[in-house]
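> Which chain is which? The protein sequence lines are E and C, in order. Okay, so the first sequence: first residue is 1 according to the numbering used here, each after it adds one. Okay, so the second sequence: first residue is 1 according to the numbering used here, each after it adds one.
If you're looking for bench data, these hints aren't it; they were derived computationally from the structure. Please note: incorrect hints may appear among the correct ones.
Pairs count within a copy or across copies, as identical chains cannot be separated in the list.
Pairs of lysine-lysine residues, derived as PhoX-like cross-links and limited to a Cα-Cα distance of at most 25 angstroms, are as follows [stated by the list, open to error]:
id: 1; residue 1: Lys-84; residue 2: Lys-155
id: 2; residue 1: Lys-84; residue 2: Lys-198
id: 3; residue 1: Lys-84; residue 2: Lys-97
id: 4; residue 1: Lys-155; residue 2: Lys-257
id: 5; residue 1: Lys-84; residue 2: Lys-257
This structure is a prediction, so every number in the text was calculated from the model and none was measured.
There are 2 protein chains.
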Amino acid sequence: MNRKNPNKRNREIRLLPLNDMPMALPGDNLAELLLARFQETPPKDNDIIVIAQKIVSKAENRYVNLADIRPSDDAMQLAAETGKDPRLVELILSQSKRVVRRRRDVLIVEHELGFVHANAGIDHSNIPQNDNREMVLLLPEDANASAREIHAEIKNRLGIHLAVIINDSLGRAWRNGVTGIAIGAAGLPCLLNLCGEKDLYGNTLRATEVGIADEIAAAASLVMGQAAQGIPAVLVRGLEFSDRTGDASALIRAPDKDLFR
Amino acid sequence: MNRKNPNKRNREIRLLPLNDMPMALPGDNLAELLLARFQETPPKDNDIIVIAQKIVSKAENRYVNLADIRPSDDAMQLAAETGKDPRLVELILSQSKRVVRRRRDVLIVEHELGFVHANAGIDHSNIPQNDNREMVLLLPEDANASAREIHAEIKNRLGIHLAVIINDSLGRAWRNGVTGIAIGAAGLPCLLNLCGEKDLYGNTLRATEVGIADEIAAAASLVMGQAAQGIPAVLVRGLEFSDRTGDASALIRAPDKDLFR
Chain E
1 MNRKNPNKRN REIRLLPLND MPMALPGDNL AELLLARFQE TPPKDNDIIV
51 IAQKIVSKAE NRYVNLADIR PSDDAMQLAA ETGKDPRLVE LILSQSKRVV
101 RRRRDVLIVE HELGFVHANA GIDHSNIPQN DNREMVLLLP EDANASAREI
151 HAEIKNRLGI HLAVIINDSL GRAWRNGVTG IAIGAAGLPC LLNLCGEKDL
201 YGNTLRATEV GIADEIAAAA SLVMGQAAQG IPAVLVRGLE FSDRTGDASA
251 LIRAPDKDLF R
Chain C
1 MNRKNPNKRN REIRLLPLND MPMALPGDNL AELLLARFQE TPPKDNDIIV
51 IAQKIVSKAE NRYVNLADIR PSDDAMQLAA ETGKDPRLVE LILSQSKRVV
101 RRRRDVLIVE HELGFVHANA GIDHSNIPQN DNREMVLLLP EDANASAREI
151 HAEIKNRLGI HLAVIINDSL GRAWRNGVTG IAIGAAGLPC LLNLCGEKDL
201 YGNTLRATEV GIADEIAAAA SLVMGQAAQG IPAVLVRGLE FSDRTGDASA
251 LIRAPDKDLF R
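Please construct the entire structure, taking both the sequences and the accompanying hints into account.
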């Protein structure tokens, strides 16, 4: 049997933290914040910048004070079932198409943007709190649009094609622990279709699609950290991609093709 | 509001391909194959080597020729429902605890090792085929044990702590495309528990566990490629972890805690 591997030699991929980003404030222009940090780590054409959902939501002022929310009867009922704050449940429902699973301490919904997500991605952590810990942060209103805007502004300012991914940490069916996934993207293919390509032995691959933007989002999460590390942006360098279009909606399985909803 | 980000500066993470690995053959000692390639890319203490499931299965001779399989009545029935080869269905069932979902062209099972996996991870691609395309490859018998063995042998030979992850590409609920996950590991924490740590604003994190080994597995997949690139091993450098024990079983959600099985 021939042991010789016919592969081309792949390149290293580098995951470069953008250190010392300032805390994002409502109204911030994220492209400007990134450009300021690029002096230390200049991006190259075809790099990918992965940006944490949290700073996008902060810049877009997606804060809500739970004290301002009046729960509906439905929310009260669901809050009793799940043991959650009725005002939080009201807010979760307002961001969602439907409830996928409910149980004590668990409320998994289909978010308006299509993600299946615990608590509609609404989070208490890593945001400035009032005394009652009532401040929460919603997902960006349209994460693909947010990514496109940053992508366009950097192209305009630096003249390079910098792909953009906005990532968030989501729980999974079947497996413990959250992992980074892409909730918005611009300038790269998020789903890679390998059907018809040849494998190592010249046989044709069938039915293989790779969620490449989710893999990039997960890789960047390793550099970002989750607690107080606070590295909200990571440059990914060395990944080759020829298609320069696409957004993260390609990663969302259509409900009628999903066996777990 | 204080814009100053209190973060420490995170380090770059590098994903280094081990190029020119030979094709793995039954009986190969994978640690030896890796050691030969380490001359070009020497590992350092606390690096992580991510190894593709496929070469582990090949070295462990997990090939099966479907011509040797006799389908049971149950397999024949399930093959008719799913449109799959009855011999393949028999083999899938032999590797599985139970069927999770069935549908035309889809057979998702709970593998004996605990993964919820289409076709029990049995694959036709990237293996040498006979004329009838009847050769398939099973998952390693115990991927954590395989990882431990490689980890111990490299420690023995080089005197360094090289964590080991064996990765595979799995489909997900709710999202299109496969992504890399860890099916076996040794020498690093696979699930990171952040409960009780402080966030950026000094508030305590609740209920956050990160599937870090799955994120590492996904990152390495970006370098490996899926079709004929054939980079079956990737060194991950720069990730800090203090706990040096653990295996991939921590990533498998217990069936009684899983709402999607």
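> Are the CA atoms of Lys-84 and Lys-97 at most 25 angstroms apart within a copy, between copies, both, or neither?
Only inside one copy: Lys-84 and Lys-97 sit 19 angstroms apart there, 35 angstroms across copies, limit 25 angstroms.
> How would you classify Lys-84 and Lys-198 at a CA-CA limit of 25 angstroms: within, between, both, or neither?
Result: close only across copies, 22 angstroms inter versus 51 angstroms intra.
> Since the copies are identical, ignore which copy is meant and state whether Lys-84 and Lys-257 lie within 25 angstroms (CA to CA) inside a copy, between copies, both or neither.
between (31 angstroms within a copy, 19 angstroms between copies)
> One pair to classify: Lys-155 and Lys-257, alpha carbons no more than 25 angstroms apart. Within, between, both, or neither?
neither (36 angstroms within a copy, 46 angstroms between copies)
> Cα distance capped at 25 angstroms. Does Lys-84 pair with Lys-155 within a copy, between copies, both, or neither?
Neither: 44 angstroms inside a chain and 48 angstroms across chains, both beyond 25 angstroms.
Of the numbered hints stated above, those contradicted by the structure are hints 1 and 4, listed in ascending order.
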